[in-house]
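A.B. asks: Here the protein sequences line up with chains A and B, keeping their order. For the first sequence, my numbering assigns the number 1 to the initial residue and increments by one for each residue that follows. For the second sequence, my numbering assigns the number 1 to the initial residue and increments by one for each residue that follows.
Fair warning: there could be bad hints in the mix.
Note that identical chains are pooled: a pair holds if it fits in a single copy or bridges any two copies.
[Unchecked claim] Cut-off 30 Å, straight-line C-alpha distance, at most; resulting in silico cross-link-like pairs (DSSO-like, lysine-lysine):
no.	residue 1	residue 2
1	57	104
2	293	104
3	4	57
4	104	248
5	14	303
6	14	163
7	14	234
If you are wondering where the hints come from, they were derived from the structure by calculation, not from laboratory data. Please read all numbers here as calculations on a predicted model, not as lab measurements.
2 protein chains.
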Amino acid sequence: MEDKILLAHGSGGKLSHDLIVELLSPLANPILNRMDDCAVFEMGGRLAFTTDSFVVKPIFFPGGDIGKLAVCGTVNDLAMSGAVPKYLSLALIIEEGLSFAELKNIIQSICTSASEAGVRIVTGDTKVVNQGQADKLFINTAGVGSVPEGVDISAANARPGDKIILSGNIGDHGIAVLSQREGLRFESPVRSDCAPLNGLVSEMLAVSKNIRCLRDPTRGGLATTLNDFALQSKVGVRIAETSIPVAKAVAAACELLGFDPLHIANEGKLVAVAAPQDADKILAKMKQHKYGKDALVIGEVVKEHPGRVVMQTRFGSSRIIDMPVGELLPRIC
Amino acid sequence: MEDKILLAHGSGGKLSHDLIVELLSPLANPILNRMDDCAVFEMGGRLAFTTDSFVVKPIFFPGGDIGKLAVCGTVNDLAMSGAVPKYLSLALIIEEGLSFAELKNIIQSICTSASEAGVRIVTGDTKVVNQGQADKLFINTAGVGSVPEGVDISAANARPGDKIILSGNIGDHGIAVLSQREGLRFESPVRSDCAPLNGLVSEMLAVSKNIRCLRDPTRGGLATTLNDFALQSKVGVRIAETSIPVAKAVAAACELLGFDPLHIANEGKLVAVAAPQDADKILAKMKQHKYGKDALVIGEVVKEHPGRVVMQTRFGSSRIIDMPVGELLPRIC
């Protein structure tokens, strides 16, 4: 096998065949092994279906790589609908010249993350484009999961009085990728929080089905997620700045660079809107989980100012939190 | 709205939101309109799941564009497992600077093709990368379909004695894209055959469930598809050169450029391996369909030379047909 990816690896011919057989062997499972153009499996009930493309630059960063991100991102999108993620597709767009060793590392990372999340890669696709016509590697994953009975989660379901729970500190992923890309050094290095959250969600749903909204605040950060809830549910959202946890290094980086941590992407955090009577027990359960141990209530849903997110600042005043308007941090996922 | 795509359209913030609302409005349906990160729908039984990324260059070509291709490609992969395609995801990787008008045309084309195929786009994703880090537009579609009772189609199911049916002439798609890209002019212009084949397949399955293998010979062409059948079913495949239809302009282009039409991609053709007793009625049914009217038997499955495809040439000799080894035609899908 060559040590770099060639255009011919995307030809659909012999080299494609060899690449797939060699490269994808760590992902082997009975459905994928059929090597038909489709995966076929038994499934029923309410299904969740989602897709995400990943164009993160650089493809390796502290705390993860594009492969881990591609699995966790899609697993998390499924989990945020309350679904149990089951099957993933994996589509690679490779720039000619990518080293085979890097690609193997990424596939290994996909394998590890899929195994942690309990999902299987069952179908895939590989394309190779000429040097200079893509940037190393883009990955798309789509996913299928099964939504349990009694679960009804949507950004449109928040009601006044509901509590807003955040699973931990924000901004780690965006700052980790940015600092790797730009060669910034902080006293304590920032690592991406990239993680599969389906285990945490299933624990939460085990103690209460009264979870109305659930989302992982990725691109656009916590600000965008809360605005989506406010807009789609036609309610107001009120949060307290002092309750929002930001790691010291992330806060320092944001201050230095003029970013608002509320706008920075996360890849291993979730925001839940929960019925007030169940918020405490959901929170208690989250704190027992490794990806929810720092969970806390950051605010509540209100009747006032529908469609708007208002934050009580540390100085006691209030300010409206908007979605970011421009592009602060391109290619962080 | 700007007339070109900006990085900020991929930010996950306000401009992303506006882009999605404006751009995707032709695709509106109740599942997509929920605007959650997942589509949720009821479905059950044996499901088929597939994915494909499309990196075709140029993004517009005679007979289609990257949008039509992205719908037909995934619809066809589902149909080739015998499934009824139902739901598609749509993920765009856009190069900064792509014109909004071009993107709108492509979305319109996705809409038209999805409507012809009877599928709905239910979930999606949009990423924007800096100018020079992708080539205009890459699209990924994944799809979910439902496999009817009694259907068992796989490249591993061919048996000696089975007939090999081809739905029409080969090589149109690859030559159409190549000639557009390289500015080649032929007396009669070659148009891509890009089309959704699920209607044809469901007519075929209505007359016989004894269809063993089914595949659309895309990248790597008919040669690769037949080799896949031979390898995976551990049988020999024998075809007759004189029976394989190639349009005059495609044959001329192949001769000029030194290509074998058997290696050229198709996007609206299928190859079926059918039980001998049912081949005639399947063929008769295909001929009544607009995408199968030129269907014919091109060969049969044999016990001899397992794993190999052998063609009887027009001169009466035999030659082994291999998968293409290098990359003849990069980025034709």
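A.B. asks: For each hint, tell me whether it holds in the structure or not.
C.D. replies: Hint-by-hint comparison with the structure:
no.: 1; hint: 57 with 104; verdict: both (18 Å within a copy, 27 Å between copies)
no.: 2; hint: 293 with 104; verdict: neither (33 Å within a copy, 45 Å between copies)
no.: 3; hint: 4 with 57; verdict: both (19 Å within a copy, 23 Å between copies)
no.: 4; hint: 104 with 248; verdict: neither (35 Å within a copy, 44 Å between copies)
no.: 5; hint: 14 with 303; verdict: between (62 Å within a copy, 23 Å between copies)
no.: 6; hint: 14 with 163; verdict: between (56 Å within a copy, 25 Å between copies)
no.: 7; hint: 14 with 234; verdict: between (55 Å within a copy, 17 Å between copies)
Hints 2, 4 from the list above are not met by this structure, while the remaining hints are.
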